[in-house]
Every structure is written in structure tokens, then in C-alpha cells.
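S.K.: Spelled out from the first residue to the last, the chains are:
There are 2 protein chains.
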Amino acid sequence: MERKSFGDMQCPIARSLERVGEWWSILILRDASYGLTRFDDFQKSLGIAPNMLTRRLKGLVESGLMERKAYSVRPPRFEYVLTEAGHDFRPVVLSFLAWGNKHFAPEGASVLLKHTKTGKTAVPVLVDQVSGEEITSSGHFKISAGPAADDILKKRLASKYDTLI
Amino acid sequence: MERKSFGDMQCPIARSLERVGEWWSILILRDASYGLTRFDDFQKSLGIAPNMLTRRLKGLVESGLMERKAYSVRPPRFEYVLTEAGHDFRPVVLSFLAWGNKHFAPEGASVLLKHTKTGKTAVPVLVDQVSGEEITSSGHFKISAGPAADDILKKRLASKYDTLI
Numbered sequence: 063m064e065r066k067s068f069g070d071m072q073c074p075i076a077r078s079l080e081r082v083g084e085w086w087s088i089l090i091l092r093d094a095s096y097g098l099t100r101f102d103d104f105q106k107s108l109g110i111a112p113n114m115l116t117r118r119l120k121g122l123v124e125s126g127l128m129e130r131k132a133y134s135v136r137p138p139r140f141e142y143v144l145t146e147a148g149h150d151f152r153p154v155v156l157s158f159l160a161w162g163n164k165h166f167a168p169e170g171a172s173v174l175l176k177h178t179k180t181g182k183t184a185v186p187v188l189v190d191q192v193s194g195e196e197i198t199s200s201g202h203f204k205i206s207a208g209p210a211a212d213d214i215l216k217k218r219l220a221s222k223y224d225t226l227i
Numbered sequence: 063m064e065r066k067s068f069g070d071m072q073c074p075i076a077r078s079l080e081r082v083g084e085w086w087s088i089l090i091l092r093d094a095s096y097g098l099t100r101f102d103d104f105q106k107s108l109g110i111a112p113n114m115l116t117r118r119l120k121g122l123v124e125s126g127l128m129e130r131k132a133y134s135v136r137p138p139r140f141e142y143v144l145t146e147a148g149h150d151f152r153p154v155v156l157s158f159l160a161w162g163n164k165h166f167a168p169e170g171a172s173v174l175l176k177h178t179k180t181g182k183t184a185v186p187v188l189v190d191q192v193s194g195e196e197i198t199s200s201g202h203f204k205i206s207a208g209p210a211a212d213d214i215l216k217k218r219l220a221s222k223y224d225t226l227i
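Read top to bottom, the protein sequences are chains A and B. Residue 63 is where the first sequence starts when you use this note's numbering, and the numbers rise one by one after that. Residue 63 is where the second sequence starts when you use this note's numbering, and the numbers rise one by one after that.
Source of the hints: derived by calculation from the structure; they are not laboratory data. Glycine included, every Cβ here is placed at the ideal spot set by N, Cα and C. Keep in mind that the hints are not guaranteed to be accurate.
Computed cross-link-like contacts, DSS-like style, restricted to lysine-lysine with a CA-CA straight-line distance of at most 27 Å [as the list claims (entries may be wrong)]:
hint, chain 1, residue 1, chain 2, residue 2
1, A, LYS120, B, LYS164
2, A, LYS164, A, LYS131
3, A, LYS182, B, LYS204
4, B, LYS217, A, LYS106
5, A, LYS216, B, LYS164
6, B, LYS106, A, LYS216
7, B, LYS204, A, LYS164
8, A, LYS204, B, LYS204
9, A, LYS182, B, LYS216
10, A, LYS217, B, LYS217
11, B, LYS182, A, LYS179
12, B, LYS217, A, LYS204
13, A, LYS131, B, LYS164
The calculated label-pair distances, taken between Cβ atoms and stated as ranges, are [said to hold, decoys possible]:
hint, chain 1, residue 1, chain 2, residue 2, range
14, A, GLU84, B, LYS131, 28 to 36 Å
15, A, PRO137, B, THR180, 51 to 59 Å
16, B, GLN191, A, LYS106, 29 to 37 Å
17, B, MET114, A, GLU196, 30 to 38 Å
18, B, THR116, A, ALA147, 42 to 50 Å
19, B, MET114, A, VAL135, 24 to 32 Å
20, B, PRO138, A, GLY201, 26 to 34 Å
21, B, GLY194, A, PRO138, 41 to 49 Å
22, A, LYS216, B, GLU196, 31 to 39 Å
23, B, PHE101, A, GLN105, 23 to 31 Å
The following block holds chain A by itself, in its conformation from the complex (with noise of 0.2 Å):
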């Protein structure tokens, strides 16, 4: 048992890390911003074993991540499909299809994202949606103490933290 719980830290983070669960829970997360909403079809797309694709897909409507919705009565059947938390985690997985492409693709992409119109790859960046920056690279950004913030994490920010990103 590796892992303590982040909850009840209060870096943003940590308590993102503590909804998502685990590995599978980032991967069926994936799958569904990819459109996938039935069980089936995760667990196709997974290869997951079933008992535990159920487990976590309850873990994810108990986070409020995810909401099971039947689609038939009879026979009941039921779908899975993203909350408006669940579909704000597109961001993230998206980060790490560029990342993992950019570092650990050497063969080349296997999956990308593409414009639909202009059919152009994609080349996602994380930008300031106030200054119209690119957060990465301009130099400008850095990590501060929020309202929030309790004082122990604000001296540690002060100390430590108070850099450029």
C-alpha cells in the first residue's frame, strides 16, 4: 500500500490526484472525452477486467465525475457519460497525449489531435486565458498562495514555491 490519502491536502493537485484514483481511472476518463460511454466498449478499449472496470467507474460517479444514465428500460441498460467536472478533465488528458507524444513516441504519433476543418495536426499549449500568454515559456507565471491558503502553505509558498513556472 503506497498511497495515503490527498484529500485533505490543500494543494489543488493533490486533491485532483485523490479523485481520478489511479492509473484506469485516467484511462476510462480518456475513453469517455473520446466519446465512449458504454461498458462494453471500455472495457474492449481497456482490456481491463471486468470486476474492476465496475469498481472504478463507481468510484468515478461517487466522485462525481461520471453519471450512469440508462439508455434502454427493457432490457435496462445503462451508459456512462461525463458531469461537467468529469468533461473539465479534458485538459489534463490532453496534456499527457502531448507530452507522452512529444517524449516517449519514438516510432512516431499514434494518436493526435487533429483540427476538423483545417484536418491539421493540433499543438496543444497551455495559455493564460487573461493575458493571452503561453504560461510555459513566456517566463511570467509564477506559483502564489490563494485566498485560501492556511499558513503553513503560505510560508512554504513564500519561502519556496514563490518561482517562476
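Starting from the known structure of chain A, arrange chain B on it as the hints suggest.
M.R.: Just chain B now, with coordinates in the frame of chain A:
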């Protein structure tokens, strides 16, 4: 044992997850992105057992995401700095940050990204560098098979994944 190896999957997301291993590694990469380099500082920040931190740092070095460098010869002292691949992980960390702040900080944000010149809080969004369009809100992007996709992946992406992101 809930994990299997994702490294042999063609999906760049699965391969990325293989590299970062588990949550501790993501939180170490978070701290490294924030500017931490020393064992003691990581340890204090994470509240992680030293032997586990040693193991995780070793894993990140082996995966090519961090580098162990001597910063003092007598006494011998080492620090851990991000490689280019580790540095490029920042968009994933910051996407987690934005997601956590939006959905899992009911008391308000504890950690924010700020513009150093204006002091304004940044709002990170994923933009396609080629078209300049915001990816997840435009409805103009889809997941497609890349040149290195094998037949199974191509078929799967064509049938199920040809979906707007």
C-alpha cells in the same frame, strides 16, 4: 496489485502514465516545477517517508524526467533537477491545478498561478498553437490515428474515437 504495465500500449497517455508511475511522482514533479531541488525540501513538502522518496526520485531519474547532480563535493551533496522531459510535464501539473481549483476547492483557491507583471490570477486554457483556437471549447478538434498507429488502433480510433473533443 491493481496496475499492469501500460508501457506497451500505443496510446501516448498510457505511456505517459507509465513514466510518472504513481501519485507521489506527480507530486514530486509538481514540487520540482515549483523550484524545489533538494531531498530534504521534497521530504518536508510531501510528508513522505524517506525510503519512499528515495525510491520515487530514483524512478524519475531512470525514466529520464529528473537528473541527480552534485552541488557540493565536500561533503558530497546532490540535488534533483528536471530534465527537458520533466520540464515539459508542467502543462500536466498546471492542468491539474486548474481542474482542482475549479471543482475541488469549495472554500476558495489555496494555490494560484499569477502573472508576475500584472499580478493577475492566470486562467490556464489549452490552445492549439497552430490555429490559435481554444481546444476544448471550440468543438473543432478530434482525436485521430497518427502515422505510427497499428491496424487495431486505427480501427478503434476510426469507429469510436472520431469524436469531437
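S.K.: Hint by hint, note whether the structure agrees.
M.R.: A quick look at each hint next to the structure:
no.	hint	in the structure
1	A/LYS120 to B/LYS164	holds (22 Å)
2	A/LYS164 to A/LYS131	violated (37 Å)
3	A/LYS182 to B/LYS204	holds (11 Å)
4	B/LYS217 to A/LYS106	holds (13 Å)
5	A/LYS216 to B/LYS164	holds (20 Å)
6	B/LYS106 to A/LYS216	holds (14 Å)
7	B/LYS204 to A/LYS164	holds (18 Å)
8	A/LYS204 to B/LYS204	violated (32 Å)
9	A/LYS182 to B/LYS216	holds (18 Å)
10	A/LYS217 to B/LYS217	violated (53 Å)
11	B/LYS182 to A/LYS179	violated (34 Å)
12	B/LYS217 to A/LYS204	violated (43 Å)
13	A/LYS131 to B/LYS164	holds (25 Å)
14	A/GLU84 to B/LYS131: 28 to 36 Å	holds (31 Å)
15	A/PRO137 to B/THR180: 51 to 59 Å	holds (58 Å)
16	B/GLN191 to A/LYS106: 29 to 37 Å	holds (34 Å)
17	B/MET114 to A/GLU196: 30 to 38 Å	holds (35 Å)
18	B/THR116 to A/ALA147: 42 to 50 Å	violated (35 Å)
19	B/MET114 to A/VAL135: 24 to 32 Å	violated (50 Å)
20	B/PRO138 to A/GLY201: 26 to 34 Å	holds (32 Å)
21	B/GLY194 to A/PRO138: 41 to 49 Å	holds (46 Å)
22	A/LYS216 to B/GLU196: 31 to 39 Å	holds (32 Å)
23	B/PHE101 to A/GLN105: 23 to 31 Å	violated (42 Å)
Comparing the model with each numbered hint stated earlier shows that hints 2, 8, 10, 11, 12, 18, 19 and 23 do not hold.
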